[in-house]
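Residue numbers (the working numbering), protein chains in the order written: chain A, 70 to 321; chain B, 37 to 336; chain C, 6 to 258.
Hints may be right or wrong, so weigh each one.
Here are the simulated DSSO-like pairs of lysine-lysine, each with C-alpha atoms no more than 27 Å apart in a straight line [what the hints assert, rightly or not]: (1) B/Lys277 x B/Lys68; (2) B/Lys277 x C/Lys118; (3) C/Lys118 x B/Lys65; (4) C/Lys118 x B/Lys109; (5) B/Lys299 x B/Lys65; (6) B/Lys120 x B/Lys65; (7) A/Lys170 x B/Lys183; (8) B/Lys65 x B/Lys90; (9) B/Lys271 x C/Lys118; (10) B/Lys116 x C/Lys118; (11) B/Lys68 x C/Lys118; (12) B/Lys171 x A/Lys163; (13) B/Lys172 x A/Lys170; (14) B/Lys175 x A/Lys170; (15) A/Lys163 x B/Lys103; (16) B/Lys116 x B/Lys103; (17) B/Lys299 x B/Lys248; (18) B/Lys116 x B/Lys248; (19) B/Lys289 x B/Lys271; (20) B/Lys289 x A/Lys170; (21) B/Lys278 x A/Lys170; (22) B/Lys271 x C/Lys96; (23) B/Lys295 x B/Lys120; (24) B/Lys115 x B/Lys171; (25) B/Lys278 x B/Lys115; (26) B/Lys116 x B/Lys65; (27) B/Lys308 x B/Lys171.
Computed from the model, here is a short list of chain B residues facing chain C with C-beta under 10 Å [unchecked claim]: (28) Lys120; (29) Ala134; (30) Lys153; (31) Ser178; (32) Lys299.
I should point out that these hints are in silico values taken from the structure, not numbers from a laboratory. Glycine residues also receive a C-beta, built at the ideal position from the N, C-alpha and C atoms.
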Amino acid sequence: MSYNWNWGIFWQPAPDGTGVYFGWLISGLGWTLATALMAWVIALSLGSAVGTLRTTPVAWVVRLGNAYVEVFRNVPLLVQMFLWYFVLPELLPKALGDAMKQMVPPWASFWPAVLCLGFYTSARVSEQVRAGIQSLPSGQRMAGTALGLTLPQAYRFVLLPQAFRIILPPLTSEFMNIIKNSAVALTIGLMELTARARSMQEFSFQVFEAFTAATVIYILVTLIVVFGMRWVEKRVAVPGLISAAGAPQAGH
Amino acid sequence: MTRFSAVFVALAAAGALSGTALAQEGTLKKIKDTGTVTLGHRDTSIPFSYYDDKQKVVGYAMDICYKIVDAVKANLKMKKIDVKLNPVTSATRIPLMANGTIDLECGSTTNNLDRQKQVWFTITHFVTANRYVAKKSSKIKSLADLKGKTVVSTSGTTNIKWATEENAKRKLGMNIIAAKDHAEAFLTVETGRAVAFFMDDILLYSLVANSKNPSEWAIGSEAYTVEPYGIMLRKDDAAFKKVVDAAVRNLYKSGEINKIYDKWFLKPVPPKGINLNVPMSAQFKKVVANPTDSGDPKAY
Amino acid sequence: MFSGFDFDVIERSLPYLFREGMTFTLTLTAMAMTGGIVFGTLLAMARLSSAALFNVPAATYVNLMRSVPLVLVIFWFYFLVPWIGGWVFHKIYLLNPQGIGSVLVQLFGNAVKDGQTIQVGAFWSSVITFTLFEAAYYAEIMRAGIQSIARGQVSAGQALGLNYWQNMGHIVLPQAFRNMLPVLLTQTIILFQDTSLVYVLSITDFLGAAAKIAQRDGRLVEMYLFVAVVYFVVSYTLSYGVKHLQQRIAIIR
């Protein structure tokens, strides 16, 4: 038996009466981006805070920050997804848990997915932020405090503005990761791009067309982000400062 | 961009696969050559194909499949055939059949004309109907009560397709969640994330019977569609289908099917030793008397 | 808080979880790591080659794998590998039916001879998927490792009359591996966690085994918490070990 190709499938009506299969994929892309962007807000703000705290001279704060990172880094994303979706509502007071579970789809899977991806990525962002701050000469912090700045002020005006510019390339790849990782949310029922491609396959039986389309869309998104960020990197580059790109790092 | 242009070259190369190079030849020859047959099985299609309390795959469809394997063995005059088991889900079973990962799919797959464009089915081994299950406390009496509510079904099934189409046609405004398998879908209703689960009624009976509190569940009185189950095999493999069909027909003619049926539907079954107590339906009795592999619900 | 919980369910299912589930997870991790590092190193060498014939396909491959979600790749390969494998092996068979062709027939059966799809089960499909996917990540690490070796060493090797493979095998790669060992191991810890995604194919890995019990007994909370703890303990211990290794290597260097 040979495979029956049908590239016209994208323009055939989808069974839910909302239009054609191509529309399914676009709606999937929309949810992928929405999930990734919302999670990125959490990841960036929490990650920056934790990363910054881990460079302070207060030992217990540093230890707490390290523990935070270890917890989120050493449990698989899929397991974390299940913890947010299946386990958390059962541990909360009943009324709150029920309210979480009874949110109208897609919100009941969207919000756990956003929180899960946000916290998971925040641990990785915090590693970058910490590395960025620590890559600055320690004289900078001392000079800041010697000028009469308080420690928070030194961070706000001296350390963080430089650190963020240095770590822009690794942050870009973290942002790419959050887009890709959002596909894991299909396990809790979020109809993002990969889930849409899969259900298109189930309904139309055109496996390879559906997955090819999803793959091409992911590649286009990657290209747009990479080229966009390259432009931003050039705009904000600090003359004379080497960026943190190129340091080999495990991950995805 | 050049490095990415190569991607499209690769995709075009994949397109070349559509040629005759991959024309699938007989499964019989493959079984003879390799001495093995791979059965696709399910996780939680109780009592058709599922893991028992010892995590072994058992079930009504599995028993029928083993009988088919015996018949194939006799037909090929082989001393022994190794049986390999490969788990499938509703979503993966058809592509995995098409790409040769599994040779027979032993589960609870509806035989319909749409699917016959992708795969073939042997003689029907059960006839069920599409219904919903809901908690009694939610007071759902009909489809109209589900308007605007959240419902669930298993992804890749005829049931979710029916629900999706019906939802659009009747403008019910239901939110439909797709679950990975039947247990997960049932759990979705049990934990209150959805109010009803659309599935074949026989699977719903077993899920309810095996649940923590069977008395809190109610299965809808209206049957929406007729779902004849068949064991899947590869399309356009007439020689294999002939042997498989003959094996199932023999089971029906010899009355052996009654023994297998009773074992799974009228006696206690694992994992909890619950007796489903579902006698053979008139529709299926008709199939046993006059075996058919029709994918048209009107034939039942 | 845990009053209504049944932690007994974990104890009852321990043999199954570890004998079946964890064994699958660890075997898959070990095989994909080995294959991934070997293929990844080859990719890195190809990428650093000055010949477009090698560096363009290698770069394309690495960038493609790195822009697509692993979940999508898992689906792709599960459905596609038998087709591609059958097609590729058939072509190889036609080129050389006696030699390598007959080996392929031995390994994959007459399907190779007849140009059919080859049969790849769930386990091997996962091994292939993770090997090919993680190779793209290992490749980037090895590329950095190879680049970290001073040019002078390569030139010195050439001056001694070593060819490319001798130079790579005796001088560059051993040092690159050593320098990159901590990062390679960290990537392997990530691979170990990533294998949990075979859950989407209903394969019985550690998470898959736990999910089956959880759903059958309606004990999601207990099982998923237990799974999280086990993954944490294993990954944390390993990463702690890597940290120590890193310090030791750093001192020697």
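Evaluated hints:
1. B/Lys277 x B/Lys68: Cα-Cα ~15 Å, so holds.
2. B/Lys277 x C/Lys118: Cα-Cα ~23 Å, so holds.
3. C/Lys118 x B/Lys65: Given that 27 Å is the threshold and the Cα spacing comes to 12 Å, the pair holds.
4. C/Lys118 x B/Lys109: holds (23 Å)
5. B/Lys299 x B/Lys65: violated (33 Å)
6. B/Lys120 x B/Lys65: holds (17 Å)
7. A/Lys170 x B/Lys183: holds (19 Å)
8. B/Lys65 x B/Lys90: Answer violated: lysine 65 of chain B to lysine 90 of chain B is near 34 Å, above 27 Å.
9. B/Lys271 x C/Lys118: It holds: about 21 Å lies between the C-alpha atoms, which stays within 27 Å.
10. B/Lys116 x C/Lys118: holds (24 Å)
11. B/Lys68 x C/Lys118: holds (15 Å)
12. B/Lys171 x A/Lys163: holds (18 Å)
13. B/Lys172 x A/Lys170: holds (19 Å)
14. B/Lys175 x A/Lys170: Measuring from Cα to Cα gives roughly 19 Å; hence the hint holds.
15. A/Lys163 x B/Lys103: Status violated; Cα separation ~50 Å.
16. B/Lys116 x B/Lys103: holds (14 Å)
17. B/Lys299 x B/Lys248: holds (23 Å)
18. B/Lys116 x B/Lys248: Violated - the C-alpha atoms of lysine 248 of chain B and lysine 116 of chain B are around 42 Å apart, more than 27 Å.
19. B/Lys289 x B/Lys271: Measuring from Cα to Cα gives roughly 26 Å; hence the hint holds.
20. B/Lys289 x A/Lys170: violated (51 Å)
21. B/Lys278 x A/Lys170: Not satisfied, since the Cα-Cα distance of roughly 50 Å exceeds 27 Å.
22. B/Lys271 x C/Lys96: Satisfied, since the Cα-Cα distance of roughly 24 Å is no more than 27 Å.
23. B/Lys295 x B/Lys120: holds (25 Å)
24. B/Lys115 x B/Lys171: This hinted pair is violated, its Cα atoms lying about 52 Å apart.
25. B/Lys278 x B/Lys115: Holds, at roughly 21 Å.
26. B/Lys116 x B/Lys65: With Cα atoms ~15 Å apart, lysine 116 of chain B and lysine 65 of chain B stay inside 27 Å; holds.
27. B/Lys308 x B/Lys171: holds (21 Å)
28. Lys120: OK, holds: lysine 120 of chain B within 10 Å of chain C, min 7 Å.
29. Ala134: For alanine 134 of chain B, the interface hint holds, since the closest Cβ of chain C sits about 8 Å away, which is under 10 Å.
30. Lys153: violated (17 Å)
31. Ser178: violated (28 Å)
32. Lys299: Status violated, d = 21 Å.
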